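As they're listed, the protein sequences go chains F and H.
Note that the working numbering has the first sequence beginning at 1, numbered continuously upward.
Note that the working numbering has the second sequence beginning at 1001, numbered continuously upward.
Heads up, a few of these hints could be off.
[What the hints assert, rightly or not] Below, computed lysine to aspartate or glutamate pairings styled on DMTMM-like, alpha-carbon distance capped at 25 Å:
#	chain 1	residue 1	chain 2	residue 2
1	H	K1030	H	D1002
2	H	K1048	H	D1002
3	H	K1051	F	D293
4	F	K305	H	D1002
5	H	K1051	H	D1062
6	F	K262	F	E249
7	H	K1051	F	D27
8	F	K262	H	D1011
9	F	K305	F	E357
10	H	K1004	F	D293
11	H	K1052	F	D27
12	H	K1048	F	D293
13	H	K1052	F	E357
14	H	K1052	H	E1040
15	H	K1030	F	D27
[What the hints assert, rightly or not] Sample of chain H residues facing chain F (criterion: CB under 8 Å; computed from the structure):
#	residue
16	D1002
17	E1025
18	G1026
19	V1036
20	A1073
Quick caveat, the hints were computed from the structure, so don't treat them as lab data.
Being a predicted model, the structure only gives us computed values, none of them experimental.
Think of the CB as a built atom: it goes at the ideal place given N, C-alpha and C, for glycine as much as any other residue.
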Amino acid sequence: MPTKKRRKAAGKEETMPIEKMVLNATDAEALSDAQAAAAGEFLHPDKARANVVGVGTGIKWSKGQPTGEPAMVVLVAQKVAKEHVAKGDLVPSKLEGVQTDVLAIGNPMAGFDATLSSPTVQTLARRARPARGGYSVGHVAITAGTLGTCVYDILPNGTVSPPAHGVGVPPRYYVLSNNHVLANSNDARVGDPILQPGPFDGGTNPADRIATLSRFVPITFAPAVPLPQHRNIVDAAVAEGAFHDLDREIFWSGPLRGWRPKAKVTVGTLVRKTGRTTNFTVGRITVVNATVDVGYGAGRTARFKDQILTTAFSAGGDSGSLVATLDAVAVGLLFAGSPAVTILNQIENVRALLRVEVAEQIL
Amino acid sequence: MDVKAAIAKHDAYLRTFPRVNGVGEGKGAKGRPAIVVLVELRVPEHEKLPKKLEGFDVLVQDVGHLEAQEKDADEEAP
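Next up, chain F with everything else stripped away, as it sits in the complex (with noise of 0.2 Å):
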């Protein structure tokens, strides 16, 4: 199969045609006969050709740019030199008419966690003291989370709306990351025990305490309360620590410059993260202003508003990572995701609620 480069890698923010990287559902349409022939092709247990996993619709992409047009992509194991594959397992350049593309996505597996456990992912999932953003955190009660980054009280004469930074000396200093992280979903207490590393990674309560609840935003979930009547905007909280046991640098891409109201959060910005289960991973902003309904197990669901979408780059054990831009200005916190998308509160959300502030400067 002919190889070829789909991204460069992330340096700096660089500027892709968005709407080219969308397919609407016209072309779709158009697209499921060819899917249905491409599926007969490459995946009837008969004809199987090595290599391939799987096809699907989507964009034909070309020198690294997304060209627009709709394409039949083939999923492939991984990428191999066309001189070394075999005449009979070559992927045709079109199919019914269509063009296809081939896509490297190695093997899938069944779970969306499935290759959580190898060993490159526990990594951030030790202790550390101090401990710096992207490490595992969690609540006595919960499995494991990430620590975004470390945060202060707002100071004096700091305020929310319009936001400012204030002057003086911050009362105390906290971890930061999700209610469902450190106050298990509503179901904690202000005062308990935080673990660093998380009870999945091996903390235990006392020798890991790393510090305790101080407060959260307390979530509204379906079916108790309907979702039309939710209010959510944030899954936040903070847990009080000792300032020698916090370090607010974010493991592998360092402090933050700053953070951005969300009128400035665009589509399209690149974002990175560091979290505990998929370690450093960078993302695209593609939806914002969004209302999202999210499960958090046990048949409970919420409705958030005012939400950032990316493309996907967590899983689970990432919830409470500090989402910036590739030049170190906070957006957004992660709390959820699919294996198509990841989710993120509006930082400026998270600063207004809480009262904490996760950098000096707005921009």
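Following the hints, complete the assembly by docking chain H onto the known chain F.
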């Protein structure tokens, strides 16, 4: 009317379609603001979604089932 207002106005209507789990603001043709309907799974009823609302393109994005991303307790501990 800006796209934010258009979303607020039509959010409830768009949620009457099956498997819709979100609505938001994205970018459509030529980078113009668009209304994005987030769906858990594509179903034939989505073909009846309007192509435009208040002059904004309506796009459908398949996002799957959205879940809080705490570590899954069923996995093997390190």
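Of the numbered hints stated previously, which ones are contradicted by the structure, given in increasing order?
-> Violated hints: 13 and 16; rest satisfied.
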